[in-house]
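Please model the entire structure based on the sequences and the hints provided.
So the sequence shown is numbered by the UniProt record's numbering: it starts at 1 and just counts up by one.
Hint data in this document are derived by calculation from the structure and do not stem from the laboratory. In this text, all values refer to a predicted model and were calculated from it rather than measured experimentally. C-beta: ideal position from N, C-alpha, C; glycine also. Wrong hints could be hidden among the right ones.
PhoX-like cross-link-like pairs, simulated, lysine-lysine; straight-line CA separation at most 25 angstroms [to be verified]:
no.	residue 1	residue 2
1	Lys391	Lys375
2	Lys308	Lys375
3	Lys335	Lys301
4	Lys195	Lys95
Distance windows between CB atoms, simulated [what the hints assert, rightly or not]:
no.	residue 1	residue 2	range
5	Glu123	Met189	42 to 50 angstroms
6	Thr134	Gly276	45 to 53 angstroms
7	Tyr318	Gly21	47 to 55 angstroms
8	Asp329	Lys375	44 to 52 angstroms
9	Gly193	Ala350	56 to 64 angstroms
10	Gly276	Ser22	38 to 46 angstroms
11	Asp39	Thr18	35 to 43 angstroms
12	Glu34	Thr61	27 to 35 angstroms
13	Ala350	Ser52	56 to 64 angstroms
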Amino acid sequence: MFLSTTQVLAILSKAATTMIGSEVDLIAGKVFAECSDPDAFDCSSWTAAPASSTTVDGPATPFYPTPILTGATTVSSCADITVSAMSSTGSGGRKWTAFQWSFTSTASNTTRITTYMEDLNTELADIAVSSTTTMSDFNQYLELNVPTENLIKGGTYSFVLTLKNFFDNSASSTVIEVTVSSNSVPSIMIQGGDKRSMLRPNALSIFAEAFGAACPGEQAKIVPAKNYNWQIKDVAGAVQDFPSVSIDRRFFKLNSFTLIPDSTYFVEVTVIDSDGLTASSSVEVTVGVSPLVAIIEGGSKVVAPKSKGVVLSSSSSYDPDAYTNPNNDNTEVYKWSCMETAPIYGAACAGLDLANSMDLPFDESMMNTLLGDEKSRTLSFFVEYMKDNRKASGETYLQIESSEPPQVEIGPIWTPKINP
Numbered sequence: 001m002f003l004s005t006t007q008v009l010a011i012l013s014k015a016a017t018t019m020i021g022s023e024v025d026l027i028a029g030k031v032f033a034e035c036s037d038p039d040a041f042d043c044s045s046w047t048a049a050p051a052s053s054t055t056v057d058g059p060a061t062p063f064y065p066t067p068i069l070t071g072a073t074t075v076s077s078c079a080d081i082t083v084s085a086m087s088s089t090g091s092g093g094r095k096w097t098a099f100q101w102s103f104t105s106t107a108s109n110t111t112r113i114t115t116y117m118e119d120l121n122t123e124l125a126d127i128a129v130s131s132t133t134t135m136s137d138f139n140q141y142l143e144l145n146v147p148t149e150n151l152i153k154g155g156t157y158s159f160v161l162t163l164k165n166f167f168d169n170s171a172s173s174t175v176i177e178v179t180v181s182s183n184s185v186p187s188i189m190i191q192g193g194d195k196r197s198m199l200r201p202n203a204l205s206i207f208a209e210a211f212g213a214a215c216p217g218e219q220a221k222i223v224p225a226k227n228y229n230w231q232i233k234d235v236a237g238a239v240q241d242f243p244s245v246s247i248d249r250r251f252f253k254l255n256s257f258t259l260i261p262d263s264t265y266f267v268e269v270t271v272i273d274s275d276g277l278t279a280s281s282s283v284e285v286t287v288g289v290s291p292l293v294a295i296i297e298g299g300s301k302v303v304a305p306k307s308k309g310v311v312l313s314s315s316s317s318y319d320p321d322a323y324t325n326p327n328n329d330n331t332e333v334y335k336w337s338c339m340e341t342a343p344i345y346g347a348a349c350a351g352l353d354l355a356n357s358m359d360l361p362f363d364e365s366m367m368n369t370l371l372g373d374e375k376s377r378t379l380s381f382f383v384e385y386m387k388d389n390r391k392a393s394g395e396t397y398l399q400i401e402s403s404e405p406p407q408v409e410i411g412p413i414w415t416p417k418i419n420p
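Okay, here's the thing in structure tokens:
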């Protein structure tokens, strides 16, 4: 597609493997100038554009990966280290062009873990450069698992994940430190897994259960419920002031309408066993944005005589999140439209000037205008309720009659028994 006399827009298919720095060639003899006036010019003698090439540049606004690491900060002397990168984003829709784990340690001997990490990064590098691999091939590596035989008791291991996307932009995660206890720290099981999705009107409930030492030959230790401590952090790691409302400290509970829509939180539990050893684990909680609800009061159809005024009201429309986003325009907008459905389907609503307001009032004069010369006319009204970059729609029918319609009442068909 030509954007101008000198610019051509080429839209690549989803299967394209073009990268930053790729060369795009214009084939000689394929592109001619437009023959705007064949009568004035002998366009057949015009020559085609010669071969040329250009290099693909990155986007004007750089798009960077966002590596995020979660996991326990302390593990037992006989446990593996597990670090999750499941929450990482920013691939740009293609596989990572670099995916590399790095570590440092206070342990006196790091020979085994160094070999383990080098072998792992070699596998990841092969996936990144292979022409036959896809994004899904990285899935099994989004959780780093370092077996206990590569670890030293009492050592602290710091891990960082560096990702590069196909835009040639890279970023590294914040450091996550994991200490291997000299003794056997408790193990924690969080019911429901380490990821939760919810909406603001929902309550949050997370249950954690800690177990004593699991190393062979050791006596199991007790983790009383009072030794569970919870905190909730945002994606930047800042602790949020959302205290649990649960009496049982094994639960972390928040009432509905506590968390902020379109946000991600990490709920972390730390437990202490009877020997004073601690262990931690966390859950990622993603809070979505609820769709708006548009309501026109009076039901799906309103029947009224021309002699009686009617108000179509959308005042019951609401935002289930009941939240005002300071970064967005939170003005509530109501946009109405109208179409005749009977006797002429699809006709415009003659004489009607719709105001973009919460209510549409029709007095007796307007009801007569809308009915016109018909004995009965039915109009379909749509309202579009908008707020905070969201919208919802509702519909009702207004049937206008030339005379008073019969009244209908629904009542019981039996007489209640009355005790004497």
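- Item | Outcome of range test on Cβ distance (Tyr318, Gly21; 47 to 55 angstroms) | Holds: the Cβ-Cβ distance is about 51 angstroms, inside 47 to 55 angstroms.
- Take the C-beta atom of Asp39 and the C-beta atom of Thr18, compute their distance, and say whether it sits inside 35 to 43 angstroms. 41 angstroms, holds
- Do the alpha carbons of Lys335 and Lys301 lie within 25 angstroms of each other, as the hint requires? 19 angstroms, holds
- Query: If you draw a straight line from the CA of Lys308 to the CA of Lys375, is it 25 angstroms or shorter?
  - Reply: 15 angstroms, holds
- Hinted pair Lys195 and Lys95, Cα distance within 25 angstroms: Measuring from Cα to Cα gives roughly 23 angstroms; hence the hint holds.
- Query: Cβ-Cβ distance between Thr134 and Gly276: within 45 to 53 angstroms?
  - Reply: 48 angstroms, holds
- Item | Distance restraint evaluation - Ala350, Ser52, Cβ atoms, bounds 56 to 64 angstroms | 60 angstroms, holds
- Could one say that the CB atoms of Gly193 and Ala350 fall in the range 56 to 64 angstroms? Because 59 angstroms falls inside the window, the suggested range holds.
- Query: Is 38 to 46 angstroms right for how far apart the beta carbons of Gly276 and Ser22 are?
  - Reply: Violated, since Gly276 and Ser22 (Cβ atoms, about 58 angstroms apart) do not stay within the stated range.
- Taking 25 angstroms as the top limit, are the C-alpha atoms of Lys391 and Lys375 close enough? 36 angstroms, violated
- Range hint 27 to 35 angstroms (beta carbons of Glu34 and Thr61) holds or violated: With Cβ atoms ~33 angstroms apart, the hint holds.
- Message: The hint says 44 to 52 angstroms between Asp329 and Lys375; measuring C-beta to C-beta, is that right?
- Response: Holds: the Cβ-Cβ distance is about 45 angstroms, inside 44 to 52 angstroms.
When each numbered hint is compared with the structure, violations occur for hints 1, 5 and 10.
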